[in-house]
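There are 4 protein chains.
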Amino acid sequence: MPLKEGDTVVIWIDPKRIYLVRLEKGKKFGSDKGSIDLSQLEGLEYGSSITLSTGSKAYLLKPTPLDAYNGLRRPSQVLYPKDISYMIYVSGIKEGDKVVEAGTGSGFLTISLAYVVGDKGKVITYDIREDMQEVAKRNISFMGLQSRVDFKIKDIREGIDETDVDAIFLDMPDPWKTIPHAYSSLKPSGSILIFVPTVNQVEKSVLQMRQFDFVDIHAEELIVREYQVKENATRPKNIGVVHTGFIIRARKSIKGS
Amino acid sequence: MPLKEGDTVVIWIDPKRIYLVRLEKGKKFGSDKGSIDLSQLEGLEYGSSITLSTGSKAYLLKPTPLDAYNGLRRPSQVLYPKDISYMIYVSGIKEGDKVVEAGTGSGFLTISLAYVVGDKGKVITYDIREDMQEVAKRNISFMGLQSRVDFKIKDIREGIDETDVDAIFLDMPDPWKTIPHAYSSLKPSGSILIFVPTVNQVEKSVLQMRQFDFVDIHAEELIVREYQVKENATRPKNIGVVHTGFIIRARKSIKGS
Amino acid sequence: MPLKEGDTVVIWIDPKRIYLVRLEKGKKFGSDKGSIDLSQLEGLEYGSSITLSTGSKAYLLKPTPLDAYNGLRRPSQVLYPKDISYMIYVSGIKEGDKVVEAGTGSGFLTISLAYVVGDKGKVITYDIREDMQEVAKRNISFMGLQSRVDFKIKDIREGIDETDVDAIFLDMPDPWKTIPHAYSSLKPSGSILIFVPTVNQVEKSVLQMRQFDFVDIHAEELIVREYQVKENATRPKNIGVVHTGFIIRARKSIKGS
Amino acid sequence: MPLKEGDTVVIWIDPKRIYLVRLEKGKKFGSDKGSIDLSQLEGLEYGSSITLSTGSKAYLLKPTPLDAYNGLRRPSQVLYPKDISYMIYVSGIKEGDKVVEAGTGSGFLTISLAYVVGDKGKVITYDIREDMQEVAKRNISFMGLQSRVDFKIKDIREGIDETDVDAIFLDMPDPWKTIPHAYSSLKPSGSILIFVPTVNQVEKSVLQMRQFDFVDIHAEELIVREYQVKENATRPKNIGVVHTGFIIRARKSIKGS
Numbered sequence: 016m017p018l019k020e021g022d023t024v025v026i027w028i029d030p031k032r033i034y035l036v037r038l039e040k041g042k043k044f045g046s047d048k049g050s051i052d053l054s055q056l057e058g059l060e061y062g063s064s065i066t067l068s069t070g071s072k073a074y075l076l077k078p079t080p081l082d083a084y085n086g087l088r089r090p091s092q093v094l095y096p097k098d099i100s101y102m103i104y105v106s107g108i109k110e111g112d113k114v115v116e117a118g119t120g121s122g123f124l125t126i127s128l129a130y131v132v133g134d135k136g137k138v139i140t141y142d143i144r145e146d147m148q149e150v151a152k153r154n155i156s157f158m159g160l161q162s163r164v165d166f167k168i169k170d171i172r173e174g175i176d177e178t179d180v181d182a183i184f185l186d187m188p189d190p191w192k193t194i195p196h197a198y199s200s201l202k203p204s205g206s207i208l209i210f211v212p213t214v215n216q217v218e219k220s221v222l223q224m225r226q227f228d229f230v231d232i233h234a235e236e237l238i239v240r241e242y243q244v245k246e247n248a249t250r251p252k253n254i255g256v257v258h259t260g261f262i263i264r265a266r267k268s269i270k271g272s
Numbered sequence: 016m017p018l019k020e021g022d023t024v025v026i027w028i029d030p031k032r033i034y035l036v037r038l039e040k041g042k043k044f045g046s047d048k049g050s051i052d053l054s055q056l057e058g059l060e061y062g063s064s065i066t067l068s069t070g071s072k073a074y075l076l077k078p079t080p081l082d083a084y085n086g087l088r089r090p091s092q093v094l095y096p097k098d099i100s101y102m103i104y105v106s107g108i109k110e111g112d113k114v115v116e117a118g119t120g121s122g123f124l125t126i127s128l129a130y131v132v133g134d135k136g137k138v139i140t141y142d143i144r145e146d147m148q149e150v151a152k153r154n155i156s157f158m159g160l161q162s163r164v165d166f167k168i169k170d171i172r173e174g175i176d177e178t179d180v181d182a183i184f185l186d187m188p189d190p191w192k193t194i195p196h197a198y199s200s201l202k203p204s205g206s207i208l209i210f211v212p213t214v215n216q217v218e219k220s221v222l223q224m225r226q227f228d229f230v231d232i233h234a235e236e237l238i239v240r241e242y243q244v245k246e247n248a249t250r251p252k253n254i255g256v257v258h259t260g261f262i263i264r265a266r267k268s269i270k271g272s
Numbered sequence: 016m017p018l019k020e021g022d023t024v025v026i027w028i029d030p031k032r033i034y035l036v037r038l039e040k041g042k043k044f045g046s047d048k049g050s051i052d053l054s055q056l057e058g059l060e061y062g063s064s065i066t067l068s069t070g071s072k073a074y075l076l077k078p079t080p081l082d083a084y085n086g087l088r089r090p091s092q093v094l095y096p097k098d099i100s101y102m103i104y105v106s107g108i109k110e111g112d113k114v115v116e117a118g119t120g121s122g123f124l125t126i127s128l129a130y131v132v133g134d135k136g137k138v139i140t141y142d143i144r145e146d147m148q149e150v151a152k153r154n155i156s157f158m159g160l161q162s163r164v165d166f167k168i169k170d171i172r173e174g175i176d177e178t179d180v181d182a183i184f185l186d187m188p189d190p191w192k193t194i195p196h197a198y199s200s201l202k203p204s205g206s207i208l209i210f211v212p213t214v215n216q217v218e219k220s221v222l223q224m225r226q227f228d229f230v231d232i233h234a235e236e237l238i239v240r241e242y243q244v245k246e247n248a249t250r251p252k253n254i255g256v257v258h259t260g261f262i263i264r265a266r267k268s269i270k271g272s
Numbered sequence: 016m017p018l019k020e021g022d023t024v025v026i027w028i029d030p031k032r033i034y035l036v037r038l039e040k041g042k043k044f045g046s047d048k049g050s051i052d053l054s055q056l057e058g059l060e061y062g063s064s065i066t067l068s069t070g071s072k073a074y075l076l077k078p079t080p081l082d083a084y085n086g087l088r089r090p091s092q093v094l095y096p097k098d099i100s101y102m103i104y105v106s107g108i109k110e111g112d113k114v115v116e117a118g119t120g121s122g123f124l125t126i127s128l129a130y131v132v133g134d135k136g137k138v139i140t141y142d143i144r145e146d147m148q149e150v151a152k153r154n155i156s157f158m159g160l161q162s163r164v165d166f167k168i169k170d171i172r173e174g175i176d177e178t179d180v181d182a183i184f185l186d187m188p189d190p191w192k193t194i195p196h197a198y199s200s201l202k203p204s205g206s207i208l209i210f211v212p213t214v215n216q217v218e219k220s221v222l223q224m225r226q227f228d229f230v231d232i233h234a235e236e237l238i239v240r241e242y243q244v245k246e247n248a249t250r251p252k253n254i255g256v257v258h259t260g261f262i263i264r265a266r267k268s269i270k271g272s
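Protein chains in written order, with the numbering used here: chain A, 16 to 272; chain B, 16 to 272; chain C, 16 to 272; chain D, 16 to 272.
Isolated chain A (complex conformation) (with noise of 0.2 Å):
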């Protein structure tokens, strides 16, 4: 399907320039590679290879939650792929899911939830800071998934408004005040996922964790190597990052037989 007015794209130049736009007539896209007017872009297919104003190639492709991590604003640290992808694979959620999640941030979590739970899901997102959920929603948009987003401004240690809820996720710093309220809120058998980054976090949320009918608890950490690959000279990267956090995992039992 051609591309037309007002999708939303990534302007692939190379792995260190990756944007997100969305076609509007009139609106040029601009970079240190060169620049380019938007329209022309219309009728083009996702995957084709343009050609920058000052000859440097790049490529149009479909945005995923990954492009939406390398190609959009992030005023707060946001969570990084590698954990947000376990997150969502151990915690099962699926399409049609209802999904709470704290704090909103810049909205990286929230978009990759959005993605998965597809239209006839839910994800409600709490933060406290009316101003970071604003650039999360603007970034939420631009991916076209506001519709699967509820957004609340409330204090998420003082309570979970949902019930009957598939899975929770926290990104927050003292994600032990609202463990309570996470049992409460979650279906049984339901996923509760915590980052954190310190070792002291970790020790707090678990043992908090047994204070209730969780099971299945687990503390991981995720570490991700890049190779370079070049015929007979290929290696790990040298530099890179080596903490983001931990990733703890539980989901809720009850009382049966």
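If you're looking for bench data, these hints aren't it; they were derived computationally from the structure. Heads up, some of the hints might be wrong.
Note: identical chains are not told apart, hence a pair may lie in one copy or across any two.
[As the list claims (entries may be wrong)] Pairs of lysine-lysine, DSSO-like flavour, derived with a Cα cap of 30 Å:
1. K152 with K135
2. K40 with K169
3. K72 with K31
4. K48 with K135
5. K202 with K109
6. K135 with K202
7. K19 with K252
8. K135 with K219
9. K202 with K42
10. K270 with K152
11. K135 with K19
12. K202 with K169
13. K135 with K113
The structure presented is a predicted model; accordingly, all values stated were derived computationally and were not measured.
Could you slot chains B, C and D onto chain A? The hints should help.
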């Protein structure tokens, strides 16, 4: 919703004792930690705790792809959850997508892909070994995902029948032989994901990709560390998996303007 | 120089079969891969290949501290070579130095320290368990290093007898209780090295160090990955040690100008 | 012992400001954190704190090879302490040993080797670039180790002059070309240690070693993670070195019985 005959359920006893069973009249679940008549589980909810014949506690959980990994039969080496989750996330696949995969193996990547593409999507899985695909079929049926999967006994190195495919996942010894077919089969901007255990395979695959119009090519490795949480004595676990394999990813581009 | 009675030698069969033996008349070496009369080895050189009773090949190697690690008895958990090597290097110890260590354990760190300080140096090793020190004594004698080591049965948390010490190595559950004594005992600019398995111990130790005039304080972890090299199929080994512990290091400062 | 003219001392201000200086009359030490007349330091002891012109505190430490790494000039890429320490430990070298090394580079491995072999030992270091060896000579003199080192401008791939060598350390692009010479030059049971950045070099080196009577061949990689310790907020540092290179080690065997 109460569990009823025919439902698949996880019996979770401890991290090393996770079983997937289907509720059938007259059938009994047995383990070294005790047994229970499966018909007794009908009427309970997912999430419920139960008591086995020995007095041991167990939990009935709602199956996720991760549970399939832990609880089903694996006659062949299978992809690890840490790798599957990242491959799915970076591929950008979502509900409704058409995805090609080879080889089928025990069907664990298939299950995860089918879980994501939903009822409107389709996973086409190639393998050259019919006996392996039989195991995979049973595993996939167990998860109730058989309607989303087409099985093919065919050597994918000789060609891919499908076109306009959203993503292709290759877990095979010589993926470079399939890269030309993958390029033809993919939709523009579609993703190719390759998993290989050795660095030499990484080099060959990436060099081959560069012969075609693939962009955004990356080779990465994911390492997971599990933590043991104890009050005042938290640390990474001592022994674990230090290597599974490398993930290569790219997207198809075409000539544009 | 040809081997003679009384010499200690490594019998290296394969990476999992490494033995330290002393050449004694009438003694026989035995393993599941075959046996040999030790007196037959006299007159051979270090480095020589030999043939065991079964026809299996073995090699006579000159013992290093790493061979002690692989080939001697280890009734208690011992420090890993990767950790010992780094601790020694960053401590700056060298021939002629006076070094204090606790606890003795099976004596492997002791062996490595004694190897470095040479005949003019001295290692003073503390432990509260006499039975453990007996094993350590035998191990250290086996390496011919007994003259470089003083053994003490004493709780180092109650004080260190030695002063003007070049470096102190602590491998014990509550090293923070020894830090004040270590400060008094060390030469100015001398190094303290601590090894602990949990993050909580790291935190406690470092916070305690900061109460004293220690500078250049670091907490680090070393991870080793072993590679399996095969033509065209090289990769990290699959299973391994993912965690041993953390190394904390610092140097003593005093008031100057 | 009080510091006197001609002594080398570490001026340690903070982990990113570590300087090696030699006390000389009329010379001044300067940094962005302040300056001090070096003659003022005479009479102080190693370990003493001092106050710079700006009021900033600094510490006078006794130089170790690690300080040389942090505080001397490095015109070329140098081996990391984590790698050097492990290579030295597993090699089994000790005081009095004769060690061959190539290439000299900036001389940091040379310094560490010379530190270990002591006054009765000798390090023979080969390089093809005279300008590089000049830098190395200055660095080694700074550490007062020049009498333990012989410098050679020679291509080690064309042969090693020394025989009966205890260990050989190779940090060069094509070490496999030196392996046959290394075999001839080593004492039986002597160690060869190779450092290379790419996996392809690992494979070539190990395959070449297997053509000779080397035993106990291992290829390993060391990863170091630094931790940031704060009360109740301890975690690995976020960004760091994820790869330096691979260490290959083996010992020479000869025909025995």
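So, going through the hints one by one against the coordinates:
Both within a single protomer and between protomers do K152 and K135 lie at most 30 Å apart by alpha-carbon distance, with minima of 19 Å and 29 Å respectively. In this assembly of identical chains, K40 and K169 lie within 30 Å of each other by CA distance neither inside one copy nor across copies; the values are 38 Å within and 48 Å between. Taking CA atoms no more than 30 Å apart as the test, K72 paired with K31 passes inside one copy only; the shortest distance there is 14 Å, against 40 Å between copies. With identical chains, the CA atoms of K48 and K135 are never at most 30 Å apart, being 41 Å at best within one copy and 41 Å at best between copies.
Within a single copy, K202 and K109 get their C-alpha atoms as close as 15 Å, and across copies as close as 24 Å, so both meet the 30 Å cut-off. In this assembly of identical chains, K135 and K202 lie within 30 Å of each other by CA distance both inside one copy and across copies; the values are 18 Å within and 26 Å between. Taking identical chains as interchangeable, the C-alpha atoms of K19 and K252 are never at most 30 Å apart, the minima being 39 Å within one chain and 45 Å between chains. Taking the shortest alpha-carbon separations for K135 and K219, neither the intra-copy value of 35 Å nor the inter-copy value of 42 Å comes in at or below 30 Å.
Only between protomers do K202 and K42 lie at most 30 Å apart by alpha-carbon distance; the minimum there is 28 Å, versus 47 Å within a single protomer. Taking identical chains as interchangeable, the C-alpha atoms of K270 and K152 are never at most 30 Å apart, the minima being 39 Å within one chain and 34 Å between chains. When the C-alpha separation of K135 and K19 is checked against a cutoff of 30 Å, the pair qualifies both within a copy, at 26 Å, and between copies, at 25 Å. In this homomeric assembly, K202 and K169 come within 30 Å of each other (Cα to Cα) only inside a single copy, at 21 Å, whereas the closest approach across copies is 43 Å.
Proximity of K135 and K113 under a CA criterion of 30 Å is satisfied in both settings, with 9 Å inside one chain copy and 20 Å between copies.
In this structure, the hints that do not hold are numbers 2, 4, 7, 8, 10, in rising order.
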